[in-house]
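Student: Chain residues, written in single-letter form:
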Amino acid sequence: MEMTLGLNHYLILAAIMFCIGMVGVLTRRNILIIFMSVELMLNSANMTFIAFSHYLMNPEGMVFTFFTLTVAAAEVGVGLAIVVTIFRKTESLDIRKLNLLKN
Amino acid sequence: MDHSMEQAVEQVHQAADTVVAAAAHAPDLHYAIWLLLFPLIGVVFNGLILRKNIPEKMTGWLGSFMIIASFAVAVKLFFELLKLDPHLRAIDVTFFQWLHVGSLQIDFAFLIDPLSVVMILVVTGISSLIHIYSIGYMHDDPRFRVFFTYMNLFVFFMLLLVLGNSYPVMFIGWEGVGLASYLLIGFWWEDMAKATAGMKAFVVNRIGDFGVLIAMFLMFSHLGTLTFSEVFPAAANAWSNDINNGVVIAIGLMLLLGAAGKSAQFPLYVWLPDAMAGPTPVSALIHAATMVTAGVYMLARSNMFYMLAPTAAYVVAMVGAVTALFAATIGLRQNDIKKVLAYSTVSQLGYMVMACGVYAFGAGIFHLMTHAFFKALLFLGSGAVIHTMHGGLHHINDHHTDPQDIRNMGGLRKKIPITYWTFLLATLAISGIPGFSGFFSKDEILAYSFMNFNSGGSILPYALGLIAAGITAFYMFRLVFLTFFGKYKGPEGSEEGLHESPGTMTIPLIVLAILSVVGGWIGLPAVFGEHLNKFAGWLDPVFHPGFEAVRYHPEHLAVPMEWALIAVAVTVSLIGIILAWNFYMKQKRQAIPDDQQSGFGKVLWQKYYVDEIYDAGVIRPLINTCHFLWKQFDEKVIDGGMVHGTARTVRWGGGVLRTLQGGVVGSYAVMMVIGVIVILLSLYIR
Amino acid sequence: MDAQTIVFAILALVSLFSGIMVVTRKNPVYSILFLVLTFFCYAGFYVLLGATFLAAIQIMVYAGAIMVLFLFVVMMLNLREPEKMEGGASFFQTLGFIVAGGFALVLMAFFAGNPGPGVPTYPPGAAAYAMGDTKELGMVLFTDYVFPFEIAGILLLAAVIGAVALAKRNRA
Chain A
1 MEMTLGLNHY LILAAIMFCI GMVGVLTRRN ILIIFMSVEL MLNSANMTFI AFSHYLMNPE
61 GMVFTFFTLT VAAAEVGVGL AIVVTIFRKT ESLDIRKLNL LKN
Chain B
104 MDHSMEQAVE QVHQAADTVV AAAAHAPDLH YAIWLLLFPL IGVVFNGLIL RKNIPEKMTG
164 WLGSFMIIAS FAVAVKLFFE LLKLDPHLRA IDVTFFQWLH VGSLQIDFAF LIDPLSVVMI
224 LVVTGISSLI HIYSIGYMHD DPRFRVFFTY MNLFVFFMLL LVLGNSYPVM FIGWEGVGLA
284 SYLLIGFWWE DMAKATAGMK AFVVNRIGDF GVLIAMFLMF SHLGTLTFSE VFPAAANAWS
344 NDINNGVVIA IGLMLLLGAA GKSAQFPLYV WLPDAMAGPT PVSALIHAAT MVTAGVYMLA
404 RSNMFYMLAP TAAYVVAMVG AVTALFAATI GLRQNDIKKV LAYSTVSQLG YMVMACGVYA
464 FGAGIFHLMT HAFFKALLFL GSGAVIHTMH GGLHHINDHH TDPQDIRNMG GLRKKIPITY
524 WTFLLATLAI SGIPGFSGFF SKDEILAYSF MNFNSGGSIL PYALGLIAAG ITAFYMFRLV
584 FLTFFGKYKG PEGSEEGLHE SPGTMTIPLI VLAILSVVGG WIGLPAVFGE HLNKFAGWLD
644 PVFHPGFEAV RYHPEHLAVP MEWALIAVAV TVSLIGIILA WNFYMKQKRQ AIPDDQQSGF
704 GKVLWQKYYV DEIYDAGVIR PLINTCHFLW KQFDEKVIDG GMVHGTARTV RWGGGVLRTL
764 QGGVVGSYAV MMVIGVIVIL LSLYIR
Chain C
790 MDAQTIVFAI LALVSLFSGI MVVTRKNPVY SILFLVLTFF CYAGFYVLLG ATFLAAIQIM
850 VYAGAIMVLF LFVVMMLNLR EPEKMEGGAS FFQTLGFIVA GGFALVLMAF FAGNPGPGVP
910 TYPPGAAAYA MGDTKELGMV LFTDYVFPFE IAGILLLAAV IGAVALAKRN RA
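Residue numbers (our numbering), protein chains in the order written: chain A, 1 to 103; chain B, 104 to 789; chain C, 790 to 961.
Don't read these hints as lab results, they were simulated from the structure. You may find that some hints are simply not true.
[Unchecked claim] No more than 30 Å apart at the CA atoms, straight line, and that leaves these computed lysine-lysine pairs for DSBU-like:
#1 B/K518 with B/K637
#2 B/K160 with B/K297
#3 C/K924 with A/K89
#4 B/K442 with B/K689
#5 B/K297 with B/K186
#6 A/K97 with C/K957
#7 C/K924 with A/K97
#8 B/K637 with B/K517
#9 B/K592 with B/K691
#10 A/K89 with C/K957
#11 B/K691 with B/K590
#12 B/K186 with B/K637
[As the list claims (entries may be wrong)] Take a look, some chain C residues computed to stay more than 12 Å from chain B by CB distance:
#13 A792
#14 L822
#15 G833
#16 L837
#17 L860
#18 F861
#19 L884
#20 T923
#21 L944
Remember, it's a predicted structure, so these values are computed and weren't measured experimentally. Ideal Cβ placement from N, Cα and C applies to all residues, glycine included.
Based on the provided sequences and hints, a complete structural model is requested.
Tutor: Given below as structure tokens:
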């Protein structure tokens, strides 16, 4: 069978990238790196949208990606502001020191 | 073929037109709601709006006028029905949809028909007089206003009970009457015994309520409806098709259980004598005019079931007859003036129930009405006597002598003539002396029970009823002789304090005395003429369908036979009176002191020990079981095992789970992903 | 193997490598740089999928704006050398690794099965490539999705205000 580039290739790649991002979120302690891992996951989801959109000939997936991008930009803006505030308070980027929820 | 079809269609159309025409001619009776609104206004004003500093007179007259206004509405309804053709005298008045769930369709609606109109006339009429009387009797009571609130509430529920056009609406009134009676019997709750009496009335009534509820469940599940106008034809239909016969009998018996609770029938009568603990107007209201008649009303209303099921009817007749005799014998040896009247009420209610059991529903309602007159009079009269005795004892600052004990009375005839004469008239009425109201109704019931015997029924109801009539005459005259004749037996010096009661009390007595005498003349026996029994004719449309359903036409008695029955009944009553005269007037016997009771008399004095039997047979075992459950089950299993066990389990589980709530954001993320995995797996597996 | 597949294979390898580097670097600055590389690869995938407009946006917004923001933050925080985080791997870090692996297995299990009905594996026609260009996407965005578009604008405004409010030093 001739190897043709199909939907599954994109989906599998996106899934793997998503899981790499997840490993970063779940195992790293540096807030900044966790943040970047989240971006990685978000992009993988975007790629899935675009791949489906392309193969199903439906532009809505791309429109959705556009909005995801907007939300991601907003999230990064606010998120980094929070990181800055946290660092000012704790002089650290260690997520384990952020255990105020405990009380 | 075509022609006959056309004819049939034409007939159907004509029938439909007649129905529509009848509906169009039916007067708009929506103003009947004012029957309920007036007492409710009284409750709201006296209970919620007016404050304590309102003068007694105003509160009392407000409450009384509300009931009088209701009475006026009832009279208007009566004349409205009178204008209609007899077979059109059954009007459903719907106010709003109440419960519409699936096939259960219950509206808040009244049924205005001859039976309910008789009931509302009796209830509002007697209640008006009792309210006026209460203004005098309850004078200076610290909770005067509350008393009138409860009284109005009571009348409100009683009217709802008799006006409802379906069993559930009736049941609201039924339960409400139970509540109001509890409040009124225990009105002087500072006295533990009186509070307990209220509780007893409530609990015993609950047993009856249970019967009514079961009956309603059976009706709904097997007949599919609870509205009077639908359930009776449905029952007749089921019976004629030979289905659900057992259910019809069961409904009849369950309704009897309900009636036994409310109308104080054997074996559930025990609450009524104790209910004398309430103020005397309450006794008159509950035990003469209203609450206790509810059961009889329901039996008469449900006449279809008893017409269909002779078994149930026979049980009803026997319960009534046994109660009549049983309570009458207890009445022979009671020394509390109100207790005697209480047992006589139970006994008279037995007559009414018995009437329903021998298909004499009209006669039962007739006796209900005449009994309402003379028993209200007797209670109010006894209240006046107690009031007088109280005044006398107060005069010498005696607070230990019981003002209700007939052993302290005697010779009161001269002191309180109005009370004496009215009381005597009521006693003559209850004893069945010809010319007085009680004679006509009691005679009709006895005649019907004999007729029932003639058409193949049992002789027992008639026989027991006859004996009870004699005993009734005896103990009632014993009461009169011991109270009003002979020498005054109260503490020395108290005689000077005896005075006639105020006008608000004596005027109702006089009105009721007139009614007790003439009230029976609307239902003359058949021997005086075919259509002179106006009362039976008035109620006939209500009971007609029941008689039609089973094609039951009791053979009328021959005129000589009826004269003979009247003669027997009167003779038995006269024997009772003469015996009482012989014992208490000629031989000057006195009521026996508590410590000299002996023999069978003591058994009667102790009311057959029924309360003690209930205590040993039902209440003690129940309390012991409850105690066991409390100590062994509640404290050990529930408290020890479940309550504390739950707490311990939760604390232990919390300890384990606390490690998960480390507050570290990362751990929450891990938990979240685990959740996502579980969701994905569940999708995949499906 | 056609040219597309070769390009895809190269981009896939690079993005996998740089993705792993993002999550494993100690120094956030290296992570950021590798993340930029990953985003470039993603832009390449988008081009392959005919989403040219989105590829451009990807580079401008992500590789441009967002990553620059990250770098600014790192510089602002003045992290001369990577912070030493005390304590070894916690229970949740180990668990997190296992869980992420499990997640990957679950996703792969989906692909191992039938692709499912209605999911084409053949290369789509030329129309699919035309769909993603700026003009076509703009037509959709400014007609059917004009309301969400406006909402997105308000969201960005809110984010700007939020970020400023959060990051400004509290002067009492």
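Student: Now look at each hint and say whether the structure bears it out.
Tutor: Against the structure, the hints:
Distance hint between B/K518 and B/K637 is unfulfilled; the C-alpha atoms sit about 40 Å from each other, more than 30 Å. About 26 Å separates the Cα atoms of B/K160 and B/K297, which keeps this hinted pair within 30 Å; it holds. Between the alpha carbons of C/K924 and A/K89 the distance comes to roughly 47 Å, so the proposed pair goes past 30 Å and is violated. For the given pair, B/K442 sits about 25 Å from B/K689 by alpha-carbon distance, which is consistent with the 30 Å threshold.
Proximity of B/K297 to B/K186 is assessed by CA-CA distance (about 47 Å); at most 30 Å being required, the pair is judged violated. Between A/K97 and C/K957 the CA atoms are separated by roughly 22 Å; this keeps the pair inside 30 Å, and the hint holds. Distance hint between C/K924 and A/K97 is unfulfilled; the C-alpha atoms sit about 49 Å from each other, more than 30 Å. Between B/K637 and B/K517 the alpha-carbon distance is near 39 Å, which puts this suggested pair outside the 30 Å criterion.
Pair hint B/K592 plus B/K691 holds up; C-alpha atoms about 13 Å apart against a cutoff of 30 Å. Restraint check for A/K89 and C/K957: satisfied, since their Cα atoms lie roughly 13 Å apart, inside the 30 Å limit. Of the supplied pair hints, the one linking B/K691 and B/K590 holds, its CA atoms being roughly 10 Å apart against a limit of 30 Å. Restraint check for B/K186 and B/K637: the C-alpha separation of about 15 Å stays at or below 30 Å, so the hint holds.
No Cβ of chain B approaches the Cβ of C/A792 within 12 Å, the least distance being about 36 Å, so the stated non-interface status holds. Against chain B, the non-interface label of C/L822 holds: every CB pair exceeds 12 Å, the least being about 24 Å. The beta carbon of C/G833 is kept farther than 12 Å from every beta carbon of chain B, the shortest such distance being approximately 29 Å. At roughly 28 Å, the least C-beta separation between C/L837 and chain B is larger than 12 Å, which holds for a residue marked as non-interface.
A cut-off of 12 Å between C-beta atoms confirms that C/L860 is not in contact with chain B; the least separation is 24 Å. For C/F861, the shortest C-beta to C-beta distance to chain B comes to about 24 Å, beyond the 12 Å cut-off, and the non-interface label holds. Its closest Cβ contact with chain B, about 5 Å, brings C/L884 to no more than 12 Å, contrary to its assignment away from the interface. With 12 Å as the threshold on Cβ separation, the claim that C/T923 sits away from chain B holds: the shortest Cβ distance comes to roughly 35 Å.
Every beta carbon of chain B lies more than 12 Å from that of C/L944, the smallest distance being close to 23 Å; the non-interface claim holds.
Hint compliance for this structure: hints 1, 3, 5, 7, 8, 19 are not met, and every other hint is.
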